[in-house]
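Chains as they are written, first to last, in the numbering used here: chain A, 129 to 479; chain B, 129 to 479; chain C, 129 to 479; chain D, 129 to 479.
There could be a bad hint or two in this list.
You can't tell identical chains apart in this list, so a pair holds if it fits in one copy or across any two.
[As the list claims (entries may be wrong)] DSS-like cross-link-like pairs, simulated, lysine-lysine; straight-line CA separation at most 30 Å:
{"hint": "1", "residue 1": "Lys296", "residue 2": "Lys333"}
{"hint": "2", "residue 1": "Lys267", "residue 2": "Lys472"}
{"hint": "3", "residue 1": "Lys131", "residue 2": "Lys472"}
{"hint": "4", "residue 1": "Lys381", "residue 2": "Lys472"}
{"hint": "5", "residue 1": "Lys131", "residue 2": "Lys267"}
{"hint": "6", "residue 1": "Lys381", "residue 2": "Lys333"}
{"hint": "7", "residue 1": "Lys296", "residue 2": "Lys381"}
The hints are simulated quantities; they were obtained by calculation from the structure and are not laboratory data.
Number of protein chains: 4
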Amino acid sequence: MPKIPVGVLGATGAVGQRFVELLVDHPWFELTALTASDASAGKRYGDACRWLLSADMPASVADMVVQETAPGVECAIVFSALPGDRAGEVEEAFAAAGYGVFSNASAHRQDVDVPLLIPEVNPDHLALLEVQRARRGWKRGFIVTNPNCTAVMLTMALAPLHAAFGLKAVLVTTMQGLSGAGYPGVPSLDALDNVIPYIGGEEDKVASEPRKMLGRLVDGAIQYADFVISPHCNRVSTREGHLETVSVSFRQKATLEEVVAAWRAWSPLPQQLNLPTAPHPPLIVRSEPDRPQTRLDRDAGKGMAVTIGRVRPCEVLDVKFVLLGHNTIRGAAGASILNAELMKAQGWFDR
Amino acid sequence: MPKIPVGVLGATGAVGQRFVELLVDHPWFELTALTASDASAGKRYGDACRWLLSADMPASVADMVVQETAPGVECAIVFSALPGDRAGEVEEAFAAAGYGVFSNASAHRQDVDVPLLIPEVNPDHLALLEVQRARRGWKRGFIVTNPNCTAVMLTMALAPLHAAFGLKAVLVTTMQGLSGAGYPGVPSLDALDNVIPYIGGEEDKVASEPRKMLGRLVDGAIQYADFVISPHCNRVSTREGHLETVSVSFRQKATLEEVVAAWRAWSPLPQQLNLPTAPHPPLIVRSEPDRPQTRLDRDAGKGMAVTIGRVRPCEVLDVKFVLLGHNTIRGAAGASILNAELMKAQGWFDR
Amino acid sequence: MPKIPVGVLGATGAVGQRFVELLVDHPWFELTALTASDASAGKRYGDACRWLLSADMPASVADMVVQETAPGVECAIVFSALPGDRAGEVEEAFAAAGYGVFSNASAHRQDVDVPLLIPEVNPDHLALLEVQRARRGWKRGFIVTNPNCTAVMLTMALAPLHAAFGLKAVLVTTMQGLSGAGYPGVPSLDALDNVIPYIGGEEDKVASEPRKMLGRLVDGAIQYADFVISPHCNRVSTREGHLETVSVSFRQKATLEEVVAAWRAWSPLPQQLNLPTAPHPPLIVRSEPDRPQTRLDRDAGKGMAVTIGRVRPCEVLDVKFVLLGHNTIRGAAGASILNAELMKAQGWFDR
Amino acid sequence: MPKIPVGVLGATGAVGQRFVELLVDHPWFELTALTASDASAGKRYGDACRWLLSADMPASVADMVVQETAPGVECAIVFSALPGDRAGEVEEAFAAAGYGVFSNASAHRQDVDVPLLIPEVNPDHLALLEVQRARRGWKRGFIVTNPNCTAVMLTMALAPLHAAFGLKAVLVTTMQGLSGAGYPGVPSLDALDNVIPYIGGEEDKVASEPRKMLGRLVDGAIQYADFVISPHCNRVSTREGHLETVSVSFRQKATLEEVVAAWRAWSPLPQQLNLPTAPHPPLIVRSEPDRPQTRLDRDAGKGMAVTIGRVRPCEVLDVKFVLLGHNTIRGAAGASILNAELMKAQGWFDR
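Using the sequences and the hints given, assemble the complete structure.
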């Protein structure tokens, strides 16, 4: 079976590099195009890019020539790591030109006709693409978004609980790694020996995106799930990994054992389909008193699993726990690639 | 007026050193005795102690000879920085021998006849000492404790709110500095690039101590305040400073403006008495979107003030905010010294 | 005696803030002008400046209005914290307009008619100002520079050794703090868990500046001192403080005791004149096996002293040791202010 | 071909864990025994060991039962990660009992009849084992040591230069990662925002070990190489990786090009034999101005390669450069395993 040619928009940034790393040996996709700002267009990727990841830049991409970020690049699918303020228009232009757009940007996440997708959570929301194409007059192209890095992990932990017990309220405090701010991102003088209890725009996304993803698709529109989320978002001095302390209340009573059982029993579609990037299991529930820890657990499931621990009763709501996920893999590039894998497995690209 | 001679029990540890630093030039107290484990007894303090603080060890204490930790040392008051498991018996022995004991240890905090004191919050709880002396048959000696480092800051922020609006529920997530674990404490391999979402015993203290301090003294006993606290305690890689994200609900509705006004109007006893270590104001409310930050705000009020910021509505409870305090000053040694200053100002040592 | 009115050029940057902090309560100087880039001109300093220092911004300066960086500001002396590429022309314009310019920038350090000054080391080089004024046609104005942050500490440690034994060769490896790169400076993703063995332009400065300062003024020109310096400059993840490992060889044999004695006996002019910012002693020689350490010793002498330790024979050259100094105080703003204090004490501003 | 059964002595410590990780899927060796202190003996390895590495503990070892550290364990070879003070006697007991002992401890490194081995550098020193067995009366057993973590990388970079140009003097300053001190090792309060310019015993090892390894075996004894090394050893706040700045002088003149060519041309025995753990190439010479960096280069060659950069003339000696290696892989467990691979390839275990 020939691989599907794919491109990365904004390939030189922190998330763009993760896309490149995860796509370079992908069994289904072949990386054929890299785009960046006009200043980088025309250069070798190896020259245009200040490589940030621990593993060396794959040799096969170093010699690829960076192109302008505009339709015309040779591929069928583009993964967008564009900055939020540029992504909106550019992604529409690509979709209009017939590309399948998998976007990590926030620009279109709240559009009523754009799926905000976690394959484990709401694969049925892909049906929105019919609405999208009809409304926007797109024949082949489309836009599918993945959620905010903090919202992904949270939503994955909440999904089986919402299904089993019905969520009423969620209170979450995050301790987010530095890579979430991109590069150069947080100055070291702000990061060292410090916690910054504020990340611009983050709390709005965390309060809203999980409710869209856990919502129901009714008559071509998403009905947001009926519960409230209160986030406190903080930047701490870790490289990668978002750790979250979570308290939840349910509509229906649930023991701690039932909560853990709901997580352990969760076997969603990507795992059933054995998608290449899907972690097994998607949720890891640990019983040690001091896990998950950022450094020890962020790479679980090659960065695609969410680790949960310290499940205990909450004095104010019903249950509390800690969760952790890798913000640039499950929280960004890996999420987007898994979205594309799901659509590929469902035959969207055969049509 | 002659100064009161004071000693520090456990003077070589991390908190013991803070006691020494804060007492060495104190206007009311004179540091006349330093004790440590038997292994250190007989040595110069300068030799027995691995000094951890940024400012050099005060020259005047370096030559003091460390004594065994047992009654008989020359002073009227002792400040106890003993480890939790040793503090219980030793502190009782000192009190029985007639010393005023100001303890930073947790051993006696929950004793029914021991005041758990923040001078700004519950100075009236000192009346418990009558009960204590009667029960234990102590003539002159007594034990007064200060709360857990995380509980102090939280209780100070809650006190004016509880007085004005009545607390119903408090949900708090902490990001606690490394010095809270003492020395050697947290191994650097666990601290670097990591968050540890667990601190042994901490959550129990934070769930309980504020309720004792905000309780009422009725007929010689403390009635714990009638609200619930749910803590999530985390260790992050900062040297000093505990940052806490807090959501609260009230019995009586309160606007954000009323909440801020309650904090700003708070003018408790230590500030009225102008105690040497009392910060002016005790609570600093900041309006920037990204404050308090650990590094920038922990030294406010010479480490004795609590800084509050990001006051906003909570989607789940009523109001949420961020607070920060210095864990080894306001959260430990400074707290204990302020306790002693209050009793001195109230004439307890004149009798 | 009325204070001399002074201004800070580039007052909103990392070094500019240190100037402000050190000048705000200065006994001889009164801070009357703050300048910054055109974008900040006209704003309150408190609004224009992202304050980086631990102590809060002094209230008295927060309301000062930032001015454009051009002659016309109301003061007699300006301290320049301008970036290297802007400093050259602007400082000349100020000097031509009659201001005394004390520059922390590198632009004029190697000019043949500009003193590169450490008051403890080469106060006689101020005589170059006669040459400078004659050559440039300046009546009252002048430019005096202070050295690169790494070169200051090194030169202070070398000065008594060069005087006593004659230097032949110096091999130095530096571990420099993050604040040396300014703000935003080093991205946290580059700093965390990393050492960067390169600082652009730094090694050239360290190889050359000490030789100018330890040179002799002969017939109106500096003859560079006749020894060689080989620097390896590294950026490590500390906030403030430059630590340097140094090996030296001498023209004349010297025992370790003689080396230490030379440092201990050093009593240069600023200490004799008791200049307000001069540390007593300027060099602190410690005998512990593991000192100086960055965090414990950088604030020695209020950040103006240099701490030396681990003095021992070098297997390759003659003697080796470790030194440490505070890069934004002794290495930048404090150095410049001490220069101005020396000239004030010598009556230069009375003329 | 059946695998050789091997054991790890001191398997629960930081280096012991690296041994386990590297041996668990080894093509030639089968991990059959794990030993630790008596307190751990009898427990499951998964329970006895606080696992420190990012990758999870291999499932196959978690259920192995930890044994006492004494001869009798079922294997032919033992890798020793014992602490220095225990290693001496225990390793001799194992060798006397017929085990091949590959030791990472310093106890026997300077014994005249014990090879201090880097397979790329001095494979011929294995001939010392004849002397060792004769002297000690051992039939089958033996002790082979690998060098100090800092000395390994340095010696690998020096070996081709010594062969080509003859070393005269080496001056090295190290910036060593925290894992080098084991676990719990360096307290976080000492590591954060600090450099410690002292590591007990380290400088003696670095000054001596490379000279043994680069020495010649003459008449059954090692003649140490005739050059001097002056080390300055520092602990910095990185997790893994030792970075070293090096200045060298040669007996014979060499251009920078010739130096680089000597490194690039180096093709030692382990690479020729294609030993499983041998990196290709063993030395990586980079041309970027700011490499190697600790975080970016420590994992090169799966942690077994040494990366060199910033090759330039030295103002004091002849040439200077920066090198970096992974201290717990190439500097400890990996080094020891490569030693065993060499002996296996040379047929030592067939006899």
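Each hint tested on the structure:
1. Lys296 with Lys333: Close inside one copy (18 Å) and across copies (28 Å); limit 30 Å.
2. Lys267 with Lys472: within (17 Å within a copy, 64 Å between copies)
3. Lys131 with Lys472: within (11 Å within a copy, 43 Å between copies)
4. Lys381 with Lys472: neither (39 Å within a copy, 53 Å between copies)
5. Lys131 with Lys267: within (22 Å within a copy, 60 Å between copies)
6. Lys381 with Lys333: both (28 Å within a copy, 27 Å between copies)
7. Lys296 with Lys381: So lysine 296 and lysine 381 pass the 30 Å test inside a copy (11 Å) and across (21 Å) alike.
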